[in-house]
Structure formats: C-alpha cells, structure tokens
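Asks: Chains A and B, in that order, give the protein sequences. Residue 1 is where the first sequence starts when you use our numbering, and the numbers rise one by one after that. Residue 1001 is where the second sequence starts when you use our numbering, and the numbers rise one by one after that.
No lab work stands behind these hints: they were computed from the structure. Computed from a predicted structure; not experimentally measured. Possibly wrong hints are sitting among the right ones.
[Unchecked claim] Per label pair, the in silico range of CB-to-CB distance: (1) B:Val-1370 - A:Glu-22: 13 to 21 Å; (2) B:Leu-1222 - A:Gly-11: 30 to 38 Å; (3) A:Ala-58 - B:Val-1370: 27 to 35 Å; (4) B:Glu-1425 - A:Pro-54: 57 to 65 Å; (5) A:Glu-22 - B:Asn-1105: 35 to 43 Å; (6) B:Ala-1157 - A:Ala-58: 25 to 33 Å; (7) B:Leu-1162 - A:Ala-58: 37 to 45 Å; (8) B:Pro-1382 - A:Ala-93: 26 to 34 Å; (9) B:Pro-1025 - A:Lys-79: 52 to 60 Å; (10) B:Gly-1354 - A:Ala-12: 48 to 56 Å; (11) B:Asp-1343 - A:Ala-12: 49 to 57 Å; (12) A:Ala-93 - B:Asp-1375: 41 to 49 Å; (13) A:Ala-93 - B:Lys-1036: 55 to 63 Å.
[What the hints assert, rightly or not] Derived lysine-lysine pairs resembling DSS-like cross-links, with alpha carbons at most 30 Å apart: (14) A:Lys-89 - A:Lys-79; (15) B:Lys-1304 - B:Lys-1185; (16) B:Lys-1313 - B:Lys-1185; (17) B:Lys-1408 - B:Lys-1185; (18) A:Lys-79 - B:Lys-1145; (19) B:Lys-1139 - A:Lys-79.
Cβ coordinates follow ideal geometry from the N, Cα and C atoms, glycine included.
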Amino acid sequence: MVKIIYVEHNGARHEVNVPEGENLMEGAVQNNVPGIDGDCGGNAACATCHCYIPEQWAGLTGERSELEDSMIELADTAKPNSRLACQIKASAALDGLEVLMPATQH
Amino acid sequence: MATQLKDTRQTQTLPQGSVTWPLPPRERPDVVGADKATLEAYLATAPLEEVDIADPLWWETDTNHVYFRRLREEAPVFFTSVNSNRHRGFWNVVRWNDVMAVDTNHQVFSSEAMLGGITLFDMDPDFIMPMFIAMDQPKHDVQRKAVNPIVSGQNLANYEELIRSRTCEVLDSLPRGEAFDWVDKVSIELTSRMLATLFGWPQERRRMLTYWSDVSTSDPELPGSPGKEERQGILLGMLQEFTMLWNERVNAEPTGDLVSMLAHNPATRNMPPMEFMGNLVLLIVGGNDTTRNSITGGLYFLNKNPEEYAKLKANHGLVENMVSEIIRYQTPLAHMRRTALQDTVLGGQLIHKGDKVVMWYTSANRDDTVLDNPDAFIIDRPRARQHMSFGFGIHRCVGNRLAELQLKILWEEILKRFDTIEVLEEPERVPSAFVRGYKSMMVRIPA
Ligand code: HEM
Ligand code: FES
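Input sequences plus hints: build the corresponding full structure.
Replies: Below, the structure is given as structure tokens:
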C-alpha cells in the first residue's frame, strides 16, 4: 500500500492507502475522496481527475502523454504542474505524495 | 496481419466525390409503416448490410437498438453501403472501447468542417459554417478556451440561483389535473430561458433561439421542414440579429455573456461572419436540444420504471446520481462523426483515408462488456458518471457541468412540489439519427 494525501482546494486533507500499481484517480474514487470524478474511467480523456503535483515529486510521477497534455491545456485551471491523476500509478517511491486539487473540475 | 483484415466495403459501388442534391430516394425495406414489434423483428434478422441505420425510420420508432446490439456482437466495426448515394457510406463504431479509441485519436480522426464535419450527413458544402466542434487543433483549442469560462467553475456557481428561481417559476405555473405537453411547457421553456441568459438575449424573444436551433438541425427532406435555401435564409437572419448584438457589445464594457465574450476575446473577435454564425449555431444547438431531451427523457424513464421513481421519492439524495443515469440512458446526441486522415486499422477493419467514421454513443452506452446491465435504467447505478453521452477527448462536451446543474435543480424542485407526474401516452420522437429526442410528451400532474 502506498500512502497518498489528496488535498482539496479548501485545504481539506484525505489520507488514503492506494494499492501499488493502481492509478491515483482510482485511489481517490474508490475511497470517496470528493472532487475527483474519473468520468472516462482512466483514459486521459475527460480531465475530471485534474490535479497538481508538487515540484519535489515531479521527477517521480512521469511525463504527460500527448493526449493528457491536450486535455490539460483545455482546462481553465491548467498550471505547469498539472497532471491527470489517472495517468499516475501508485508506487513505493510515491509514498507520502500530496495530490493537490483545483477548485473545480470541468 | 494485414492479409487477415476483412474489408467489408463494396468500394466499387461508392459514388465518387460528394453526393448531389436533391438526394436520390432512400432505399427502404418494405416494413415501413409496420408496428414497433414488426420493425424490431426485421432488425433482429435482416442481413446486416441491408440496413441503413441512418434512416430516420429507426429513430422515430426507437427501434435502432436491436440493430446496434447485433453489430456489437457480430460486427463491431461495420461499413454501411446501402444508400451510399445519399451519404457516401460510413463506418459504424459501436463498442465502448472502439468509440473511446476514435474519440481520443484526434490526429487520425478529424472533425474538420471542410471534410464534412461531425455528423453522419456531411455539412452542406454550399453553406459551410465553421465552428470549433468541427475544427481540429490548433484552432479548436483556441476557440474552445474562449468559450470555456462561461460554463465552468465560478461562473456556473453564479448561475445557480438564477436557474433555480426560473425553474421554480416554470414549475409553479404548470396546470394541475389536466393534460399538457411536457416538452413545450417545461423542457423547451427551461432551456430557452437558460440560452437567452447565456447569450444576453432578450428573454421575451427566447423562443426565437429554440426556432433557430430546430432549423439548424432540421432535415430539409422531411415534410414541414424548411428546404435547403429557406434554411440558409433563416440562419442568415439569425446572423444578422446577433451581429447587431455583437456591434453593441464589442465597444462596450464586457457583460459576461457569450456574445460579449466572443467579441472581446482576441482569439475570436476577428471571426469571419460564417464562423461567428457557426459558433452561434454550435452553442444554441449544444445548449438546447440536448438538455431539453434529457429533461423529457428523465420523466419518461421514471414513469417506465416505477420502482426507480419510488426509490427517488424515498431518497432525494439520489438526484445527482440519477442525472448522470438519465443522460446515459437518453444519449441526447446519438453519434458524432469523424473523417479518417490516413489509412488506419480499427477493430480489425481497414479504414481508408477519407472514410467517414461514425461513433455511435447510443450503442457504446449499452455495451455490456463495460457496463453492468446497461439496458436497465438504475438511478443509483454505481459510477453512473462513466457514460459516453458527453463524448471524450478534446471535443468532450464543454457544457456538461451546466447541463448537469440544470437537471439537478429541476429534479430537486420537482420533488419538493409534486408527488408524481404521470406520462399519459408514448411520446412522439424526433426522426433523426443525430438528435435523439422528443417532439412532444403528454403528461398530467394530479390535482
Ligand atoms: C445533456 C446535455 C448535453 C449532451 C448530452 C451533450 C453532448 C455533447 C457531445 C456528445 C459533444 C461532442 C463530444 C465529442 O465529440 O467527443 C458535445 C460537444 C459540445 N457541447 Fe455539449 N452536450 C450537452 C449540453 C451542452 C450544453 C448545455 C452546452 C452549452 C452551453 C453544450 C455545448 C457544447 C459545445 C460548445 C461542444 C463542442 C466542444 C468541442 O468541440 O470542443 N453542450 N456535447
Ligand atoms: S479519469 Fe478521465 S482523464 Fe483521468
């Protein structure tokens, strides 16, 4: 199990144990973390799992794919450290990761 | 590998270039006019290649699902060539995963208006209205971003009170103990008021927006619809009216409505007139038919499934989940279409550059390899948000949150007021393979 902390825009924190190999959208949805919908089931195709990854974790969470990049670019709330949670898999290296959420998902 | 691909097209029967107007008469099986059971029995057994599922017949009678079930099982990527002198022939993509693959591959599957656009029947080549739903990157992204802020985040929250007070007004004005048309009195009324607000359009003329929406999606071949030239004239009239609004707003302070936003945003302020018109039509149709038909569909489904209606009355907290289920079950836009920019393989079929590829959302939403018991309407379905009705990828519906908000408020307010609303007879359906909806539905609220 990998400890992931989902932080809502208002600062509310949700500490969750996500099985290794599972993506961080599933980790949120299966533990009823509010604010991550996951409408496309993890295909980088809806951007309802949009989140921000703090800089110190960036090297460990991988790169955006072309589709992920396109989907993020269309969001009003996009930032350089935006990612789609469904495109990041839980791994031991990510234990303790803080996943920050935008005010709204679109 | 390539040798195993079965090309189901009858290439030699495809007409060259575009189809000519007026379209030649439609080839139809001799079951036209038969009752629903007969039509379904026909679709269940006819050779797959004999059926033109784009024929309005299968939509007006709500029988198309029989054919799609067979395609999902027997031929999930299948080329229709019957009536190709009307539509040039098209690929049917019917399974969830295949639709997802097309919708998310915008490099290969183009939405471009000049290639025909995003509906099964090509955009009228004499009257191309560029709009960002029918554009590819990079221009699509730029224009979409200009519209996005009005239907997202904080702006949406600002609308909530307004939508609620409108909804209450409309519901409170409904007659009790007598039959009336839900489509006209509720579905159209609410969506036209919303549209007028979005555009900063005068409320007392809101039904003009409904009219233009209907005209722009109408089928010129159907009796009662404006013909091709008349249609162009009506839409140009719309352009004129909106151009006046534009001219008023372009030099004024931003007012937060869509016309003002398009006029002030550097990405859209220099749009040529046809492009302004295209984007108007997109927003009018996008925000109109789809939500309207979900409002009607929801009431219809609850009446067809009394145990679900009972569940809802017992637990008003189910509204939000039910809204997603209504939108899945209705699938207000039955399909979106793409044009292949290169040869490609999908579901074992070789798709040629230039082919039309039709993503049948209405079928993907019933794919039982991905969804549990998809033919049932279940308001507390787990993960109801996972449906195809808004599409996926870069063109995914920009108005989805607004549509959900409107439906949620409507059902919350209905539950506060009425113990039940009875659907009195089968609704009359729109004869279209694109807009899946209702012309009228008679209902009664007990006195
Ligand atoms: C239940 C209601 C609705 C449904 C089912 C619906 C469905 C869709 C679908 C299927 C698409 C194309 C997705 C794709 O190609 O992948 C779309 C795009 C779009 N919709 Fe909606 N829609 C709804 C409500 C609305 C509303 C309320 C608005 C406007 C206020 C709207 C505006 C648009 C626009 C502008 C696009 C084009 C997006 C793009 O190309 O980037 N829609 N919608
Ligand atoms: S779940 Fe749809 S983009 Fe991540």
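Asks: Next step is simple, just say for each hint if it's right about the structure.
Replies: Quick rundown of the hints versus the structure:
The hint said 13 to 21 Å for the Cβ distance between Val-1370 (chain B) and Glu-22 (chain A), and at roughly 19 Å that hint holds. Separated by about 56 Å at the C-beta atoms, Leu-1222 (chain B) and Gly-11 (chain A) break the suggested range of 30 to 38 Å. Between Ala-58 (chain A) and Val-1370 (chain B) the CB atoms are about 33 Å apart, so this pair conforms to the stated range of 27 to 35 Å. For the pair Glu-1425 (chain B) and Pro-54 (chain A), the supplied restraint of 57 to 65 Å holds, since their beta-carbon distance comes to about 59 Å.
Taken as a hint, the range 35 to 43 Å is violated for the pair Glu-22 (chain A) and Asn-1105 (chain B), whose Cβ atoms sit roughly 26 Å apart. Our hint of 25 to 33 Å for Ala-1157 (chain B) and Ala-58 (chain A) holds, since their Cβ atoms are close to 31 Å apart. Range check, Leu-1162 (chain B) to Ala-58 (chain A): about 41 Å between beta-carbon atoms, so the 37 to 45 Å window is met. As the Cβ distance of Pro-1382 (chain B) to Ala-93 (chain A) is approximately 31 Å, the hint placing it in 26 to 34 Å holds.
Separation of Pro-1025 (chain B) from Lys-79 (chain A) is about 57 Å and conforms to the stated range, judged on CB atoms against 52 to 60 Å. For Gly-1354 (chain B) and Ala-12 (chain A), the hinted distance range of 48 to 56 Å is satisfied, since their beta carbons lie about 52 Å from each other. Separation of Asp-1343 (chain B) from Ala-12 (chain A) is about 51 Å and conforms to the stated range, judged on CB atoms against 49 to 57 Å. The given range of 41 to 49 Å is respected by Ala-93 (chain A) and Asp-1375 (chain B), whose C-beta atoms sit roughly 44 Å from each other.
Checked against the hint of 55 to 63 Å, the pair Ala-93 (chain A) and Lys-1036 (chain B) passes, with Cβ atoms roughly 59 Å apart. With a CA separation close to 21 Å, the supplied pair Lys-89 (chain A) and Lys-79 (chain A) stays within the 30 Å bound. A C-alpha spacing of about 21 Å is found between Lys-1304 (chain B) and Lys-1185 (chain B), which places the hinted pair at or below 30 Å, so the restraint holds. Between Lys-1313 (chain B) and Lys-1185 (chain B) the CA atoms are separated by roughly 23 Å; this keeps the pair inside 30 Å, and the hint holds.
Only pairs whose Cα atoms come within 30 Å are accepted, and Lys-1408 (chain B) paired with Lys-1185 (chain B) is accepted, the gap being roughly 18 Å. Using a Cα cut-off of 30 Å, the hinted pair Lys-79 (chain A) and Lys-1145 (chain B) holds, with the two alpha carbons roughly 14 Å apart. Under the criterion of a C-alpha separation no larger than 30 Å, the hint pairing Lys-1139 (chain B) with Lys-79 (chain A) is consistent with the structure, at around 21 Å.
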